[in-house]
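The listed protein sequences correspond, in order, to chains D and W.
Using our numbering, the letters of the first sequence map in sequence onto residues 1 to 379.
Using our numbering, the letters of the second sequence map in sequence onto residues 1001 to 1302.
Treat the hints with care, since some could be wrong.
[Claimed, not checked] Derived Cβ-Cβ restraints for the label pairs, each shown as a range:
#1 W:Val1275 x D:Ser259: 25 to 35 Å
#2 D:Ala244 x W:Glu1005: 23 to 33 Å
#3 D:Leu7 x W:Leu1257: 37 to 47 Å
#4 W:His1054 x D:Lys364: 47 to 57 Å
#5 D:Ser160 x W:Ser1107: 37 to 47 Å
#6 W:Val1275 x D:Lys367: 34 to 44 Å
#7 D:Arg49 x W:Ser1107: 25 to 35 Å
[What the hints assert, rightly or not] Okay, the calculated bits of chain W under chain D, using three or more residues with CB under 8 Å as the criterion:
#8 1097-1107
#9 1269-1276
[Unchecked claim] Short, incomplete list of chain D residues facing chain W, as computed with Cβ under 7 Å:
#10 Ser100
#11 Ala137
#12 Val140
#13 Ile141
#14 Gly342
#15 Val349
No lab work stands behind these hints, which were simulated from the structure alone.
As the structure is a prediction and not an experimental result, all values here were calculated from the model.
Yeah, the Cβ is synthetic: ideal placement off N, Cα and C, and Gly gets one too.
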Amino acid sequence: MSYRRRLLELAAPLLALLFALLVGGIFLLAIGKDPLQVYLTMFRFNLSRLDSIGSILYKSTPLIFSGLAVAVGFRVGLFNIGVEGQYFIGALLASIVGFSLHGLPVWIHLPLVVLAGMLGGMLWAWLPIVLKLRRGAHEVITTIMMNHIAYALVLFFITSVFLDTEQEMVKGLGSPQVRMPKLLETARMPTMHGFLETLGIELPRHVYLNWFFPLGILLAVALFVMLWRAAYGYELRAVGGNPAAAETAGINTQRTMLSAFLLSGALAGLVGLSDLLGYFGYLDIDFPKGYGFTGIAVALLARNSMLGVILTAILFGFLRRGAEGVQAFEGVPMDTIVILEGVIILSIVVAVQIVNWYVRRQEKLMKRRQVTMERAGGD
Amino acid sequence: MIGGEMLASAIRMTIPILLTALGAIHAERSGIVNIGLEGMMIVGSFWAAFGAYHYGPLAGLLFGIMAGGALALVHAAATVTFRVDHIVSGVALNIIAYGTTRFASLSIFDRATTSPHVQSLPAIDIPVLDRLPLIAPLASNVSPVVILTFALVFLTRWVLSETTFGLRLRAVGENPQAADTLGVNVFAMRYAGVIISGLFAGLAGAYLAVEHTGMYVEGMTQGKGFIALAAMIFGNWGPIGAMGASLLFGLSEALALRQVVEFIPYEFFKMLPYVLTIIVVGGIVQRSRPPAAVGTSYERGE
Chain D
1 MSYRRRLLEL AAPLLALLFA LLVGGIFLLA IGKDPLQVYL TMFRFNLSRL
51 DSIGSILYKS TPLIFSGLAV AVGFRVGLFN IGVEGQYFIG ALLASIVGFS
101 LHGLPVWIHL PLVVLAGMLG GMLWAWLPIV LKLRRGAHEV ITTIMMNHIA
151 YALVLFFITS VFLDTEQEMV KGLGSPQVRM PKLLETARMP TMHGFLETLG
201 IELPRHVYLN WFFPLGILLA VALFVMLWRA AYGYELRAVG GNPAAAETAG
251 INTQRTMLSA FLLSGALAGL VGLSDLLGYF GYLDIDFPKG YGFTGIAVAL
301 LARNSMLGVI LTAILFGFLR RGAEGVQAFE GVPMDTIVIL EGVIILSIVV
351 AVQIVNWYVR RQEKLMKRRQ VTMERAGGD
Chain W
1001 MIGGEMLASA IRMTIPILLT ALGAIHAERS GIVNIGLEGM MIVGSFWAAF
1051 GAYHYGPLAG LLFGIMAGGA LALVHAAATV TFRVDHIVSG VALNIIAYGT
1101 TRFASLSIFD RATTSPHVQS LPAIDIPVLD RLPLIAPLAS NVSPVVILTF
1151 ALVFLTRWVL SETTFGLRLR AVGENPQAAD TLGVNVFAMR YAGVIISGLF
1201 AGLAGAYLAV EHTGMYVEGM TQGKGFIALA AMIFGNWGPI GAMGASLLFG
1251 LSEALALRQV VEFIPYEFFK MLPYVLTIIV VGGIVQRSRP PAAVGTSYER
1301 GE
């Protein structure tokens, strides 16, 4: 039974994924594309080229962190929809530390920058959780407002406080970017090209896969161990499962919620760093948005499993890389991917519900059968 | 600093928040949290621009209302029939709304972020009032939707407190078991509450596109769907209270639009409505009382 149950648990995400592809197919049909052809192109583009593989992993890196941040929140019963604003503030602090501290060796500067990012995320998570615990303000509304404030605040810092006015222009070409100063070399995260070369893998230079990817995997494993082996992880799950019972059992639920939400914020602070330290090297007004919302899809599809997040983040990286491919080769708008993400969130929770009903009905049938069998062979 | 022009602008900014807050009241009074209102505003604004572009402003408003209602139907199916977490469903719908709108905009108008300009409804000068010195800016050149919105406030109040439908709607939000025992169809009432909320949010989005801006622009809702939820909470789940709260938010948005104090940077004015929302939700929530069964799913026993 338990093995069948486990198979059924796997069925829900697969059903959801299939359903999402079906809905995506309807949208493709609506604009006159052949869905099968599009999906086929996507697979071929993604799996037949080394740069695609590297790009998939690069694109999945921020999603691992945002998926973990959301999943940790869900585990303690809180919905952190503020990952978006938290990683913006994280990127802001990381950027400031990254361009302003001169003369440090890389092994001090880089960790400092990463810590600054985590601190920024934590800072932005602090107010919503305090308002939740002290005043009962629902974290969903407050974190969404914090997202909007973060966008405006980061814009203010880029345009009015730290605007880089000493940009070198090629004579007569282009206009200055609206961005903060470039990070120092000691604050940049190295790419994995050198390491992969020692393994005999020649990753193309235009792929920016960097060490945040393995860091994300390590972090997921560490969180998995913490959640299932450490006392704190047990408390966290207990509070998320049934806060009243946890309180009765002597767990300080308020403190657990506070620390878990701050942890979620710290993880969120890492989301933007792969792009910032591994690719752009500066914070500008076009810094990528939306990782926080995709993180919700990543976490839900992984059913809030820390290790599952690695897989689902890579899956979303796959979809995003594939979207680039089908945009280039089939003329399909990239935004199809956003629709898929939304549909996946909705269909996964519905699929889980359906599987649960099915399991309950099976169990009921089994019990009834047992009772009749006992009666039949009773005496 | 705050003259008649500013007040007129504040009222224009109030309308989408107030309409959506009225919708939210219907959903929450029936027991369903609808955090997807933002998305319903988004689809409302885009499809209203589409409708107005092809068939005129009135058709545009209808298109927007229907689009909001259609998305709400999905929310109702997910939360009432499949009993999934209300917040998760709402978040998913917001993402779906954003994605489908971009997709549709790109496919239909060849641009992801804007529609062409569209015609608005003819503006109205309210007789007599538009001659009075102080009120004149408020009463002249008014969109019919503005007047409709204030009428809907009182209509909503009447429906909720005086009609059988309103009584049943509130009953399933307070105690679905008891309502069910008395023969009220809990599922039908909740579907109704959620769909009405979508129609309102769709109209709010349509107003933004057709009446306020004269075109659809990506991101034009700017979190108003969430601010409307705060207005609903601030107004203690009643239409009149929500109107007061929405006016407050409308004023803060009007302030955000015009930089009133020169030495304060523009970005900080932009934050004003959001900061106000946090203050409202954090400061008021303990004194207000939501419907008892809000956010829970109802399952009939056997």
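Quick rundown of the hints versus the structure:
no. : hint                             : result
1   : W:Val1275 x D:Ser259: 25 to 35 Å : 26 Å, holds
2   : D:Ala244 x W:Glu1005: 23 to 33 Å : 54 Å, violated
3   : D:Leu7 x W:Leu1257: 37 to 47 Å   : 56 Å, violated
4   : W:His1054 x D:Lys364: 47 to 57 Å : 53 Å, holds
5   : D:Ser160 x W:Ser1107: 37 to 47 Å : 38 Å, holds
6   : W:Val1275 x D:Lys367: 34 to 44 Å : 56 Å, violated
7   : D:Arg49 x W:Ser1107: 25 to 35 Å  : 28 Å, holds
8   : 1097-1107                        : holds (count 8)
9   : 1269-1276                        : holds (count 4)
10  : Ser100                           : 21 Å, violated
11  : Ala137                           : 4 Å, holds
12  : Val140                           : 6 Å, holds
13  : Ile141                           : 5 Å, holds
14  : Gly342                           : 3 Å, holds
15  : Val349                           : 4 Å, holds
Violation of the numbered hints given earlier is confined to hints 2, 3, 6, 10; the remaining hints are satisfied by the structure.
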